[in-house]
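*Asks:* Chains A and B, in that order, are what the protein sequence lines are.
Its first residue numbered 1, the first sequence is counted upward by one per residue in our numbering.
Its first residue numbered 1, the second sequence is counted upward by one per residue in our numbering.
Don't take every hint at face value.
Claimed, not checked - Here are the computed lysine to aspartate or glutamate pairs in the DMTMM-like style, where the Cα-Cα straight-line distance is at most 20 Å:
#1 Lys152/A x Asp19/A
#2 Lys18/A x Asp39/A
#3 Lys125/B x Asp175/A
#4 Lys244/A x Asp175/A
#5 Lys152/B x Asp19/A
#6 Lys219/B x Glu251/B
Treat the hints as calculated values from the structure; they're not laboratory data.
Letter by letter, the chains look like this.
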Amino acid sequence: MTAPRDIFIGKLFELAKKDSSIIFISVDLGAPSLDKWRDELPDQFIAAGISEQNAINVAAGLAASGKKPYVYMMASWAARCFEQIRYSCAMGGNPITILGNGVALGYAPAGPAHEPTEDLAYMRAIEGMEIHSPSSAQLTLDLAIETVKNPKLRYVRLERSVDSTLEVFTTSDNDYFKNGMHVNGLYPGNTGAKKIAVFSSGYLLHRAGKVCEIIANKTKFEVTLIDFWRIKPIDLVALKENVKNCDFLISIEEQALIGGFSGAILESLSDLKINKGLIRFGLNSAFIFENGTRDQLLDANGLNVEEIASKCINQIMNN
Amino acid sequence: MDLGKKANQFRSELIKFKTSTGSGHLASSLSIVDVLISIYLDSSTYFDHKKDVLVFGKAHGGPALYPILAELGYFKAEELDRYCLPGGILRMHPDRSIPGCTYVGGSLGNGIGFAAGLAWAERAKQTIVILGDAELYEGSVWESLMFIAHWKLNNLLIIVDRNGLGILGPTEELLRLEPLSQKFESFGFDVLELNGHDFRELREAMTEPPKNPTVIIAKTVKAKGVDFMENRAEYHTIIPRETSVIASMLEGLK
Chain A
1 MTAPRDIFIG
11 KLFELAKKDS
21 SIIFISVDLG
31 APSLDKWRDE
41 LPDQFIAAGI
51 SEQNAINVAA
61 GLAASGKKPY
71 VYMMASWAAR
81 CFEQIRYSCA
91 MGGNPITILG
101 NGVALGYAPA
111 GPAHEPTEDL
121 AYMRAIEGME
131 IHSPSSAQLT
141 LDLAIETVKN
151 PKLRYVRLER
161 SVDSTLEVFT
171 TSDNDYFKNG
181 MHVNGLYPGN
191 TGAKKIAVFS
201 SGYLLHRAGK
211 VCEIIANKTK
221 FEVTLIDFWR
231 IKPIDLVALK
241 ENVKNCDFLI
251 SIEEQALIGG
261 FSGAILESLS
271 DLKINKGLIR
281 FGLNSAFIFE
291 NGTRDQLLDA
301 NGLNVEEIAS
311 KCINQIMNN
Chain B
1 MDLGKKANQF
11 RSELIKFKTS
21 TGSGHLASSL
31 SIVDVLISIY
41 LDSSTYFDHK
51 KDVLVFGKAH
61 GGPALYPILA
71 ELGYFKAEEL
81 DRYCLPGGIL
91 RMHPDRSIPG
101 CTYVGGSLGN
111 GIGFAAGLAW
121 AERAKQTIVI
131 LGDAELYEGS
141 VWESLMFIAH
151 WKLNNLLIIV
161 DRNGLGILGP
171 TEELLRLEPL
181 SQKFESFGFD
191 VLELNGHDFR
201 ELREAMTEPP
211 KNPTVIIAKT
221 VKAKGVDFME
231 NRAEYHTIIP
241 RETSVIASML
251 EGLK
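Bound conformation, chain A alone (with noise of 0.2 Å):
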């Protein structure tokens, strides 16, 4: 299997061959994807050493030229250059896409410093970025691709290790790409039984699956998973079909709870005055000082399955 930050740069090497106008910068981070792009492409690579602002800044003077800059950097020092990317990229009219690599705790156990846990809340009050969280191999081609075809403003979310992608992309949903959230997984439940809607994304999707599929087994009551793989702009059209005929909804991120994936649906819900509530799971805190995997982790700060599962059939059947 292939990491999604390879995948992409897999991908966007192969159309970089055909449009000399696509240009990557590093800000001093490698890829064993890269590696090729800069053997065969090195007009089109720029090592800029490790210096965020100055990385940002050039993309936008490349795309204020007409070039297609992709600046790859640690997803945790975007924080670093925000306002090179408010500025010159957003104000300025200059588009970019910035790669950060490694989203949320997909350092671990490099410690808080590299593992970026409020990037959704800083990144969506830019206006104009777009945010994406491609969670299967399908999804960060058809990204890559629509990155290339038409240059925004985006900040794309990778994650680094082969074990965070879905290796199964399923969807009946012909847009899907254009809506920018699918049905992952519908977990049936006994006729005309409640409805309950679990909006997840990115690495968490493994374990909000796993946590539809304990709330149905216990409850009956049907549940479907949807993967919000873009968290800006989040289709209100799609979210109303999405959660209409549910009765309650849940989100799980792996985020700090302020502003981040939970504070857009609640806004966009608060848009479409739908008010049914959002049971939020996420980080206790955006700093954690401990060792571990990934997953023990998510385990030990508020993200266990069978955790959130009990607290969610709690809530659900006290109501």
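Chain A is already provided as a structure; the job is to place chain B on it using the hints.
*Replies:* Below, chain B alone, put in the same frame as chain A:
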């Protein structure tokens, strides 16, 4: 063209539109007037405003460009009278919504990296970036300097408006910038130090585009042309509004 006469005319227009609203940074604009005239209006300098690009790093001094752009026909001179007023197109910091301006204005330390991107993408095009000396405190400037020197972007000329003052006082007392020439040289730049109010020196430095990555340190006087404001840090944001004072400022230019 009598550049000295033009300089007086533009300083006078700057003083008029700045004092009419009291908005912006008159002193920072006055220090860069002559450099901009040399770039835009001296036919012996290489910059061609129709195809080349000027990026303002120290955009708070950017309004110095407005009388020049009006002269070149980018917008009507009447716009100067509506500076910072509702319905007008000219703002405190020049930005891409204003004809003849690029980029956005107002955030220090970023124009140079943006200009580096332009210069990297289009080597046949000439780009000039104007930096304030106090802007050099931004770390991002030095990231960009490394980048420009490494890629030998000699189609990008860096001009530092070395008026010697930050908001709080002289740079050398606040936080030392010198030896500035050696700093740029050690980063791989050719450095030219000159009098930023001397059209002959400016012309000699800009007759041809640079052959190596180059920094011009233009030694200037903050608030140049208004005696009582010159070289005084407290006038960074203070703009006189009294009619008699404005009259004497304009009289002093003659």
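*Asks:* Under the criterion that the straight-line Cα-Cα distance not exceed 20 Å, is the pair Lys152/B, Asp19/A satisfied?
*Replies:* 25 Å, violated
*Asks:* Does the alpha-carbon distance linking Lys125/B and Asp175/A stay inside the 20 Å limit?
*Replies:* 43 Å, violated
*Asks:* Going straight from one Cα to the other, do Lys244/A and Asp175/A come out at no more than 20 Å?
*Replies:* 18 Å, holds
*Asks:* Is Lys219/B within 20 Å of Glu251/B, Cα to Cα?
*Replies:* 25 Å, violated
*Asks:* Taking 20 Å as the top limit, are the C-alpha atoms of Lys152/A and Asp19/A close enough?
*Replies:* 17 Å, holds
*Asks:* Below or equal to 20 Å on CA atoms is what counts here, so check Lys18/A against Asp39/A.
*Replies:* Holds - the C-alpha atoms of Asp39/A and Lys18/A are around 16 Å apart, at most 20 Å.
Comparing the model with each numbered hint stated earlier shows that hints 3, 5 and 6 do not hold.
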